[in-house]
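Below, each chain spelled out in residue letters.
There are 2 protein chains.
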Amino acid sequence: MPDDHMTPDEFREYGKEVIDWIADYYKWVETYPVLSQVKPGDIRSGLPPSAPQKGESMSAMLDDMDHLIMPGITHWQSPNFFAFYPCNSSGPGILGELLSAGLNVQGMNWVTSPACTELEAHVLDWLVEMLDLPEKFRSTNAGGGVIQDTASSATLCATLAARERATDGQSNHVGADHSLVAYASHESHSSIEKALRIAGIGTDRMRVIPTDESYAMDAHELEDQILRDKAEDFKPFIVYGTVGSTSSGSLDPLESIGSICQREGIWFHVDAAMLGTAALCPEFRYIQEGLEYADSYCFNPHKWMFTNFDCDCLFVADRNALTRALTINREYLGDFPSKSAGEDNYRDWQIPLGRRFRSLKLWFVIRYYGVEGLQKHIREHVEMAQEFARWVDDDPNFERLAPVSLQLVCFAHTAGNDITKSLLDSINASGKIYLSQTMLRGRFTIRISIGQANTRKRHVRAAWELIQKTARELAL
Amino acid sequence: MPDDHMTPDEFREYGKEVIDWIADYYKWVETYPVLSQVKPGDIRSGLPPSAPQKGESMSAMLDDMDHLIMPGITHWQSPNFFAFYPCNSSGPGILGELLSAGLNVQGMNWVTSPACTELEAHVLDWLVEMLDLPEKFRSTNAGGGVIQDTASSATLCATLAARERATDGQSNHVGADHSLVAYASHESHSSIEKALRIAGIGTDRMRVIPTDESYAMDAHELEDQILRDKAEDFKPFIVYGTVGSTSSGSLDPLESIGSICQREGIWFHVDAAMLGTAALCPEFRYIQEGLEYADSYCFNPHKWMFTNFDCDCLFVADRNALTRALTINREYLGDFPSKSAGEDNYRDWQIPLGRRFRSLKLWFVIRYYGVEGLQKHIREHVEMAQEFARWVDDDPNFERLAPVSLQLVCFAHTAGNDITKSLLDSINASGKIYLSQTMLRGRFTIRISIGQANTRKRHVRAAWELIQKTARELAL
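Residue numbers (this note's numbering), protein chains in the order written: chain A, 37 to 512; chain B, 37 to 512.
Isolated chain A, as found in the complex (with noise of 0.2 Å):
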């Protein structure tokens, strides 16, 4: 009967389906254009203007993936994707996201799925050995780990707990303190004003830190700042560093911000979300050299972990500064009166109410591959995007126009911001490769981000025969 529940068997077949469906997507992503052909409008004037009375068949709506949507992705799985950051997955990162889709459970407090709670708070201890992050950050210790959605959340999170802390609590109560100051460099991330906006701090009270040539923040210059302010009766209340920055890849000398934080009392946040990953290799923990300075750290396992989006893991090294600043009882919503590693009601750690089941991709993921087997991964990628500088700088066409900390490389072309940004436009329109840009000193940059999980050599040498010959076909 097509208007009830869909039964355990008939979920075993169609479901079954699905796997199919996705197995063969992975088979063939690497044959589809990349970035979507469609024109504004086009998937919607595929649609009925009205919903369905009378349900339909399974059959029909496979059938309308194939037909109605997949025209209009834009392939963020194909080895050829090389825009903004990676957003990479993993047969045990699916599995892990259909599993805690199947038992869906709502994880707000301990009690409504201790596992929920417990896998979480276990696995982002995990980490804190995976990554030699500082010790405050586990569980174990008074602080610990909470999987948010994105970054941006995070530093929504970070920057409420730093609120709350510098007002002694005030913020709740009476609203945000007109006096608060907080600092970024001038190439930390839009979640950062965002965040700022909405904690009703205010962007004019953002101070944008200049950067050295490398794009990092000078932390002279932020000492200066704070002390200006200081004089003039701000309140300097948070200081975002960023290990990895969306635009250039940049890493802000978390070691000399930390030890002006530390003198000053000011929260120091560090957000890590592309680069953090990194970190599981001995060799490249170099970019988070002063972490221990940091009063909350983030990453997303769901940009190059191969953790199915969404999975930012946020932590900080004292967690009862997080939930004061976050906590409502309500005698409807229960209550558990344990506040113990791992058995907290995490509810309390987050924007939101409800939660789901995410450790459960990233313990599958962290499990299938084993910690040998995600750094041989990271290393692979990182090599490629060494490789694929050194191209750059070997051809006189191109320029590189900042250094390459890791896996991201930012060029241009040296006929200029026109030419560069109808070489980028062109290849993109090919739905061959899809790169994205970003502006460095008034110059138009492209972005090659290498991290794509099914991306090999070859995808890398021939992305950079297209752009080459892309550009010869321009100048001419």
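No wet-lab data here; the hints were simulated from the structure. Keep in mind that a hint or two might mislead.
The list treats identical chains as interchangeable, and a pair is accepted whether it falls inside one copy or across any two copies.
[To be verified] Calculated cross-link-like contacts (lysine-lysine; reagent style DSS-like; alpha-carbon spacing at most 27 Å):
id, residue 1, residue 2
1, K63, K172
2, K52, K90
3, K63, K52
4, K90, K505
5, K493, K90
We have chain A already, so just place chain B on it with the hints.
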């Protein structure tokens, strides 16, 4: 090789095992204790202290699902789950989520997967018709819908849009205006207080409006409070109405509240997270009378509409009011000039930057059941709740403590709070059913919330018999 990626054919094999695992789970879910019986720390104690160095097999991981994870699951998908609010799921919901995980696109911009944006805008337009919502919420008019994770985030977004409008955008730059005041009833959800705290308004600026005997907001009290606040130079900026409060299922008088908001130029947000789904049935649309006054509205298909968590639908009458509050542009985020219907960048409609392809599961659910299939199940749930209420009314040992708006029954033992609390604890400890609690005018109250997809009359009957039997045992 365990440290390499899972191949499409391996995914095919393991994926089908996972599908079988989930199908079996739904076959047997009724036999599990609903409330997990583990003690704090039990789950963690079964997990190794460190992540594995070498990759492990999928079969080891699926074994651990059975032996380590399942004892720590509270079964939200059991037909005997009557606590909080339902978080129901369905075959098409799970498979839609699986497809979303398989494609793993990140839909921050239209261009990063046009289908992700256009399907979402389109399906939310379908819902305007399906639920008979005001036409202004359509993306083809000045409004539009967007999927948020939860109603908490929807409430925060509405608050930020209202704050932006009330301050002519100034709050974005110079921080929240301390004269802003907000209004919600005593029965309103904790997420409102949380949103006001997050947004830097402060919880002291939340005016808690008294309720009438049905726990609905008293509109006269609201009006008086607004006038008092204006006389004291406060700026009323938002009123939150509730359709189905968490505590008692109460319905705020939207028409009276809305006309006050319109007259005073105050943003009116309506939270129908739980009961909104009922408007699929014309006979239940009385719950949203007056919704034409609302500036924003949300309901959760992940609660009562068989759509996997997370899926909250937020509608706004003026999409520009929302995006003015939340847009931050950067060159590296890419750009898309059009701001017309269904072609916008949804990153500007939400707190996080990145987003999943959540409309797939919603599309699948609506199509699989059809409008008539969904209506059928909603009617069944409402009928079961009404019958349960009659049983309570007919038993002199029990007392009903609130009107039954649709699917929630609030009741207590006549022997008082201590007995009622003991009764609830004993029932939940049995693992046979799971109920939750609230406080209503000083009375400890048991809530039975009926809306799990697989709940049939026999489950509700058995629940009532267990409640009666346990009460008899305790009262001895």
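Which earlier hints turn out false for this structure, listed by number in ascending order? Violated: hints 1 and 4.
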